[in-house]
Amino acid sequence: MTGLLFDLLAQAAQMALTLALAPALVGFTRKVKARLLRRRGAPILQPWYDLIRLLRKETVLAEDASWLYRAAPYIVFATTWVAASLVPTFATGLMFNWIADLIALAALLGAGRFFLALAGMDVGTSFGGIGASREMMFGSLAEPATIMIVFVVSLIAGSTQLSEVAAYMASDFSLRVSVLFALIGLVIVAIAENGRIPVDNPATHLELTMVHEAMILEYSGRHLAVMELAAALKLLLYVSLIACVFFPFGLAPPDAGLGAMGVGVLAYMGKLAAGGFLLALFEASTAKMRIFRVPDFLGAALMLGLLGTFLVFITRSL
Amino acid sequence: MLLDFALFCVAALFCVGALSLYWRSRADVTRRVYGLSGALCAAIFVAAVAPRGAGALTTTLPLGVPWIGMHFRLDPLSGFFLAVVALGGAAASAYAIGYGAQEKDPMRILPFFPAFVAAMAAVVLADDAYAFLVAWEFMSVASWALTLAHHDHAENRAAAYIYLLMASFGALCLLMAFGVLAGTTGAYDFATIRATPLDPFKAGLVLALVTLGAGSKAGLVPLHIWLPLAHPAAPSHVSALMSGVMTKVAIYGFIRFVFDLLGPPSFLWSVHPLVFGAASALVGVLFASEQSDLKKLLAYSTIENVGVIFIALGLALAFKANGEAVPAALAFTAALFHIFNHSLFKGALFFGAGAVLGATGEKNIERLGGLIRCMPRTAFVFLGACVAIAALPPLNGFVSEWLVFHAILLSPALPQWLLKLTIPAVGVTLALSAALGAAAYVRAFGVVFLGRPRSEAARRARETDPWSLGAMSALLLLCLLAGVLPGLMIDAISPAAAASVGGRMPMQSQIGWLSIAPIAEGRSSYNGFLVFAFILFSSLGAMYAIKRIWPRPLRRAPPWDCGYVDASPLTQYSGSSFAQPIRRTLGHIAFSVKERLDMPAPGETRAAHFTVDVGDRFIAYFYEPLGEAVTAIAKRLNFVSFLPIQEYLALVFAALVLMLIIVAL
Numbered sequence: 001m002t003g004l005l006f007d008l009l010a011q012a013a014q015m016a017l018t019l020a021l022a023p024a025l026v027g028f029t030r031k032v033k034a035r036l037l038r039r040r041g042a043p044i045l046q047p048w049y050d051l052i053r054l055l056r057k058e059t060v061l062a063e064d065a066s067w068l069y070r071a072a073p074y075i076v077f078a079t080t081w082v083a084a085s086l087v088p089t090f091a092t093g094l095m096f097n098w099i100a101d102l103i104a105l106a107a108l109l110g111a112g113r114f115f116l117a118l119a120g121m122d123v124g125t126s127f128g129g130i131g132a133s134r135e136m137m138f139g140s141l142a143e144p145a146t147i148m149i150v151f152v153v154s155l156i157a158g159s160t161q162l163s164e165v166a167a168y169m170a171s172d173f174s175l176r177v178s179v180l181f182a183l184i185g186l187v188i189v190a191i192a193e194n195g196r197i198p199v200d201n202p203a204t205h206l207e208l209t210m211v212h213e214a215m216i217l218e219y220s221g222r223h224l225a226v227m228e229l230a231a232a233l234k235l236l237l238y239v240s241l242i243a244c245v246f247f248p249f250g251l252a253p254p255d256a257g258l259g260a261m262g263v264g265v266l267a268y269m270g271k272l273a274a275g276g277f278l279l280a281l282f283e284a285s286t287a288k289m290r291i292f293r294v295p296d297f298l299g300a301a302l303m304l305g306l307l308g309t310f311l312v313f314i315t316r317s318l
Numbered sequence: 319m320l321l322d323f324a325l326f327c328v329a330a331l332f333c334v335g336a337l338s339l340y341w342r343s344r345a346d347v348t349r350r351v352y353g354l355s356g357a358l359c360a361a362i363f364v365a366a367v368a369p370r371g372a373g374a375l376t377t378t379l380p381l382g383v384p385w386i387g388m389h390f391r392l393d394p395l396s397g398f399f400l401a402v403v404a405l406g407g408a409a410a411s412a413y414a415i416g417y418g419a420q421e422k423d424p425m426r427i428l429p430f431f432p433a434f435v436a437a438m439a440a441v442v443l444a445d446d447a448y449a450f451l452v453a454w455e456f457m458s459v460a461s462w463a464l465t466l467a468h469h470d471h472a473e474n475r476a477a478a479y480i481y482l483l484m485a486s487f488g489a490l491c492l493l494m495a496f497g498v499l500a501g502t503t504g505a506y507d508f509a510t511i512r513a514t515p516l517d518p519f520k521a522g523l524v525l526a527l528v529t530l531g532a533g534s535k536a537g538l539v540p541l542h543i544w545l546p547l548a549h550p551a552a553p554s555h556v557s558a559l560m561s562g563v564m565t566k567v568a569i570y571g572f573i574r575f576v577f578d579l580l581g582p583p584s585f586l587w588s589v590h591p592l593v594f595g596a597a598s599a600l601v602g603v604l605f606a607s608e609q610s611d612l613k614k615l616l617a618y619s620t621i622e623n624v625g626v627i628f629i630a631l632g633l634a635l636a637f638k639a640n641g642e643a644v645p646a647a648l649a650f651t652a653a654l655f656h657i658f659n660h661s662l663f664k665g666a667l668f669f670g671a672g673a674v675l676g677a678t679g680e681k682n683i684e685r686l687g688g689l690i691r692c693m694p695r696t697a698f699v700f701l702g703a704c705v706a707i708a709a710l711p712p713l714n715g716f717v718s719e720w721l722v723f724h725a726i727l728l729s730p731a732l733p734q735w736l737l738k739l740t741i742p743a744v745g746v747t748l749a750l751s752a753a754l755g756a757a758a759y760v761r762a763f764g765v766v767f768l769g770r771p772r773s774e775a776a777r778r779a780r781e782t783d784p785w786s787l788g789a790m791s792a793l794l795l796l797c798l799l800a801g802v803l804p805g806l807m808i809d810a811i812s813p814a815a816a817a818s819v820g821g822r823m824p825m826q827s828q829i830g831w832l833s834i835a836p837i838a839e840g841r842s843s844y845n846g847f848l849v850f851a852f853i854l855f856s857s858l859g860a861m862y863a864i865k866r867i868w869p870r871p872l873r874r875a876p877p878w879d880c881g882y883v884d885a886s887p888l889t890q891y892s893g894s895s896f897a898q899p900i901r902r903t904l905g906h907i908a909f910s911v912k913e914r915l916d917m918p919a920p921g922e923t924r925a926a927h928f929t930v931d932v933g934d935r936f937i938a939y940f941y942e943p944l945g946e947a948v949t950a951i952a953k954r955l956n957f958v959s960f961l962p963i964q965e966y967l968a969l970v971f972a973a974l975v976l977m978l979i980i981v982a983l
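Protein chains in written order, with my numbering: chain C, 1 to 318; chain B, 319 to 983.
Honestly, I wouldn't trust all of these hints.
[Unchecked claim] Residues on chain C that point at chain B, a partial pick, calculated with CB under 7 Å: (1) Arg53; (2) Asp122; (3) Ser133; (4) Leu278; (5) Leu281; (6) Phe282.
Don't read these hints as lab results, they were simulated from the structure. Heads up, the beta-carbon is just placed ideally off N, CA and C, and yes, glycines get one too.
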């Protein structure tokens, strides 16, 4: 009984941790990027301040908005949060790890995207439609790329459970071509899925290249806050996913005590910081690409995933 | 006993069709016929799922050819398909009690509808070639008559004509397949066929014929061309049956031949279901993402789902040929699970399309929009079905695709190089079509139900009747149940899988917490119930917490749209503009696109025009040349019609001698 309670607490701690760290990761990335551009930048916790301020504001709803428009932020948030809690952050073998696997994680993110795109189309403005249409085009390339990457890592690890994958990757550290392909592919997918430069620019409005911002253009107040929180969670999810699959160091094993978990949390924060720093560095050194170049960018991820899958199908050692 | 009861209900369904002629002048004939059909379907469903022990029930009816009779059999496989047919028939009947009232000329539908359902049930129960083909042809002809119900439109007549051509072609292929199977023994009952082994050449011939025959009925690419024509032509409850159930009966035919009658498979048998399945999945979904006719969109999406099912069946064959019974059971279960799922959500989607058609008179999505406000319940069901068919958790479509992915993940163990190279390519096609399916259904739901109404008809729409809503909602509820409790479904399928591939997945009901683990715990598991519960808990929790802590008011205002105040709803993204990015990036795989833009010069005041033509390459490069060739040959042979009688007889004699020579060889 106490075991179950402890497991529940550990899982709750992970869910709370992801929720708390997600906006901070966004803030950290912005801060690093600003420093790289010789600006001072807002405080790291600025996204949290923004969220709280948005939550306290009056919510304005477009006249034509339906119930779907009001429900969508919560659905997007819930699917992203559940998906984020599936990823081992500081410990493997938590309760949630077993209710769904990597394929389900990709599909949960797909469900979030589905409702986000629908929300974009609900008010009946042309900007929402443009964002939804482009998001679904990106998604229809990014999702198969993710599935192929999942194929690579789970064929090597012999399981689609993230905890098992992380444990296998930590025990068997040999450089494989297919894993390298998967890593590059997943980074590309992560950049595209989070609407970062060069695919999308989350800092702009009123630009014909925008995608994510176009879909949530009409949101305000608490709805906008929930949407922003979901977007931050998605970024954190991808960084954690890359860290957990490809750099599974410091993760507390199942049935570990509080000490190992403390180490795990510290290692996780370090990995997040490294991820955020690299993302900022990459964003500061590239330019946004044209919208019809993005399929080529994502197509590269898909091809890398497919090549990796072919490699593991043909021989286990590559 | 159960089989006799089921056959009695099937016969009664035929009688209901005949009775409708007797009742034709009564005002309540629609209600009577559909009510009786629904009740009989429910009875058949009970007979199909009732526990009946391990073996198969057989019976012989003194019908048809004297002294031979018609054999019928109820085994786990036909029981599963009988349940699918009965469930679809019951839902369509219930829906039609409401929907059928709008019909201007109900007698064009009523005699054929019960016969159509009965014929489908008879196909899955048939246990000899004669019964099978008679039922199969009854199914084709009844659905052809239903396709022709609104024959005052020229395009419906053309659709029915092409459907009849394809159906005849398919039946001919099946007839020849049975001919090869029966061979020189001349026995047409399945028990004898099963017991007689075939040499590899003959088996390959039967396989090719069955793929053509069943594939043309199921809508496998490139035999798919009749589906997108016939489904929009038929009344909506009939399209739901044709799309959700009849294509599944065709797949049953394929399974019955390939997994049962033909004997132990060779691994080569799995290649063509995999390749054609993958082609169907991708081509179907790409076409679906371009259609502006809602029912045509759903028809193309059926082609996609048939492709997914064939991929799973191909995997099952590959594993079975290599003696890996448990992975074969996994792939086979995935196929049957997807068959069940597709019959549920495609039924709900066609019912929704029918409700929209009834309320607005529009099938063209470019003239709809904003229906979520005037038809909220239909919109909710349609949204749920869209989520299910887009393979998103926690609904059922996800679970079956998840199982297919896991079957693919087991396939590196297969020794053949051909399969090692084919299956990853099939896997990426499957993943691509799943993601494109989500895009197609965002577009379908978003353009039809969201935004602002694009026409007066869409603005004036009213919610549909309670019978239709009830049928749709029941199907959606089943989608949710199959999605959150997939273990029960897998266990229910497992006898059929065991009979067909000789293996079983682990019993899922013994795994704790309603989880499913297709291979072994620790390798992969999914818990639909907990995923659903956590999504529900965290979304409602977030909503409640935020409103509780910061109870701020909500205000309605005109949309901001970056400060651009537009008057017309036509400035919204339309269906074709939504599809443009996919058309540009992936469209060239499947179809030829012609975009024409007529832009007036600066200063001119006429309107600009933009037209998109999406052409089916299969029609342009295969069927049209084929039709031309047939016409040309027919013209050359025209002189035969005017021969004197002696020369006719000589011709017949020569043909007979030729046939005898072929048989003698």
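To see whether the hints hold, each was checked on the structure:
At a threshold of 7 Å, the smallest CB-CB gap from Arg53 of chain C to chain B is about 10 Å, leaving the interface hint violated. Because the closest C-beta pair between Asp122 of chain C and chain B is about 5 Å apart, less than 7 Å, the hint holds. Interface restraint check for Ser133 of chain C: the shortest CB-CB distance to chain B comes to about 4 Å, inside 7 Å, so the restraint holds. With a least beta-carbon distance of about 27 Å to chain B, the hint placing Leu278 of chain C at the interface is violated under the 7 Å criterion.
Hint on Leu281 of chain C is violated. Least Cβ distance to chain B is approximately 29 Å, over the 7 Å limit. Because the beta carbon of Phe282 of chain C sits about 24 Å from the nearest beta carbon in chain B, more than 7 Å, this interface hint is broken.
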